[in-house]
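Novice: For the sequence shown, UniProt numbering gives the first residue as 1, with consecutive numbering after it.
It is worth saying that the hints were derived from the structure and are not from the lab.
Among these hints, one or two may not hold up.
Distance ranges between label pairs, derived from CB positions [claimed, not checked]:
1) Lys45 to Gly22: 20 to 26 Å
2) Gly22 to Thr52: 29 to 35 Å
3) His21 to Gln49: 15 to 21 Å
4) His21 to Phe51: 31 to 37 Å
This structure is a prediction, so every number in the text was calculated from the model and none was measured.
Where a beta carbon is used, it is the ideal one built from N, C-alpha and C, also for glycine.
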Amino acid sequence: MEGAESVIPMMDAVIDQCAEHGLDEVVIGMPHRGRLNVLANIIGKPYRQIFTEFEGTSTRRRPMAPAT
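The task is simple: from the sequences and hints, build the whole structure.
Specialist: This is the structure in structure tokens:
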């Protein structure tokens, strides 16, 4: 197995384990390649929302992360 075929099930298992151990939040940092796959298949974000945000046509405002 390579690429998303192995990473997606692994990430799903890790996030499930985090939830079972009481974690409220998981931060995922990754390059663009595969990010849309993770948003759809791990996070469960609807395809319509992903593509709307990707195209820049979303009217929904996202909160900015605090500066560190």
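Novice: None of the hints should be skipped; say for each whether it holds.
Specialist: To see whether the hints hold, each was checked on the structure:
| no. | hint | verdict |
| --- | --- | --- |
| 1 | Lys45 to Gly22: 20 to 26 Å | holds, 24 Å |
| 2 | Gly22 to Thr52: 29 to 35 Å | holds, 33 Å |
| 3 | His21 to Gln49: 15 to 21 Å | violated, 29 Å |
| 4 | His21 to Phe51: 31 to 37 Å | holds, 34 Å |
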